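Chemist: Sequence:
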Amino acid sequence: MQFTINGRSQNIDCDVRTSLLDLLRDHLGLTGTKKGCNQGACGACTVLVEGERINSCLALAAQYQGRSIMTIEGVGSARDLHPLQRAFIEYDGFQCGYCTSGQICSAIGMASEIKQGVPSASTRDIAAAAIEFDSSEIRERLSGNLCRCGAYNGIVEAVEHIFAEELR
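Residue numbering for the sequence shown is 515 to 682, as defined by the numbering used here.
Any given hint could be a false lead.
[Said to hold, decoys possible] Each computed SDA-like pair below joins lysine to any residue, with the alpha-carbon atoms no more than 25 Å apart:
{"hint": "1", "residue 1": "629", "residue 2": "644"}
{"hint": "2", "residue 1": "629", "residue 2": "663"}
{"hint": "3", "residue 1": "629", "residue 2": "649"}
{"hint": "4", "residue 1": "549", "residue 2": "565"}
{"hint": "5", "residue 1": "549", "residue 2": "563"}
{"hint": "6", "residue 1": "549", "residue 2": "590"}
{"hint": "7", "residue 1": "629", "residue 2": "593"}
{"hint": "8", "residue 1": "629", "residue 2": "640"}
{"hint": "9", "residue 1": "629", "residue 2": "639"}
{"hint": "10", "residue 1": "629", "residue 2": "647"}
{"hint": "11", "residue 1": "629", "residue 2": "666"}
{"hint": "12", "residue 1": "549", "residue 2": "647"}
{"hint": "13", "residue 1": "629", "residue 2": "641"}
{"hint": "14", "residue 1": "629", "residue 2": "588"}
{"hint": "15", "residue 1": "549", "residue 2": "573"}
{"hint": "16", "residue 1": "629", "residue 2": "610"}
Calculated directly from the structure, the hints in this document are not laboratory data.
Quantities reported herein were computed from a predicted structural model and do not represent experimental measurements.
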């Protein structure tokens with residue numbers, strides 16, 4: 515199977531029943547994407563496929579052949595952090611860090627959804643030309659990403675800080 519992962523073309527020979535999460539972690543060594551519940555309930559495995567966020571534990575790798583996939587390793591690196599990664603540090607948006615990669619990928623996907631005008635259950639006026647970007651919108655859109663440490667306030671503040679200008 516052929517994939518483009520973090521901008522690099524990859525040819526991988528694996529069982530067609532392999533999940534995208536297991537392909538990333540076990541076959542490619544991209545361990546930034548975490549295996550939490552392995553049932554799509556926690557969001558620790560969130561990655562971006564052509565800019566759209568998905569739970570990689572629920573996706574068969576074969577479904578995503580030929581598509582562009584971005585993991586946390588493609589978002590930024592230790593030497594060149596993405597602004598959202600820096601904001602998570604500045605606003606204490608993580609404690610143990612286990613959920614952080616999924617939270618960051620999800621927030622990037624969330625920003626794209628808002629730019630495209632995709633409403634959420636929290637969107638006040640779905641007919642409006644632009645979605646109002648506020649903490650309730652962030653909380654609703656990131657509700658599929660759980661943080662067992664309870665760093666939600668820092669996560670929301672970091673996301674709001676980075677995307678406020680762009681989405682307001």
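Chemist: Against this structure, judge whether each hint is valid.
Modeler: So, going through the hints one by one against the coordinates:
1. About 8 Å separates the Cα atoms of residue 629 and residue 644, which keeps this hinted pair within 25 Å; it holds.
2. With a CA separation close to 30 Å, the supplied pair residue 629 and residue 663 exceeds the 25 Å bound.
3. Of the supplied pair hints, the one linking residue 629 and residue 649 holds, its CA atoms being roughly 16 Å apart against a limit of 25 Å.
4. Proximity of residue 549 to residue 565 is assessed by CA-CA distance (about 21 Å); at most 25 Å being required, the pair is judged to hold.
5. For the proposed pair residue 549 and residue 563, the alpha carbon gap of about 17 Å is at most 25 Å, so the pair holds.
6. In summary, the hint linking residue 549 to residue 590 is supported, as the alpha carbons are separated by about 20 Å, within the 25 Å threshold.
7. Only pairs whose Cα atoms come within 25 Å are accepted, and residue 629 paired with residue 593 is rejected, the gap being roughly 29 Å.
8. For a cut-off of 25 Å, the pair hint linking residue 629 to residue 640 stands: about 13 Å separates their Cα positions.
9. The hinted pair formed by residue 629 and residue 639 meets the criterion: a straight-line CA distance of about 15 Å does not exceed 25 Å.
10. Of the supplied pair hints, the one linking residue 629 and residue 647 holds, its CA atoms being roughly 10 Å apart against a limit of 25 Å.
11. Using a Cα cut-off of 25 Å, the hinted pair residue 629 and residue 666 holds, with the two alpha carbons roughly 23 Å apart.
12. Restraint check for residue 549 and residue 647: the C-alpha separation of about 30 Å exceeds 25 Å, so the hint is violated.
13. Of the pairs offered as hints, the one joining residue 629 and residue 641 holds, with about 14 Å between alpha carbons and a cut-off of 25 Å not exceeded.
14. Note on residue 629 and residue 588: the hinted pairing holds, with a Cα-Cα distance of about 21 Å set against a maximum of 25 Å.
15. Only pairs whose Cα atoms come within 25 Å are accepted, and residue 549 paired with residue 573 is accepted, the gap being roughly 13 Å.
16. As the CA atoms of residue 629 and residue 610 are separated by approximately 31 Å, the hinted pair breaks the 25 Å bound.
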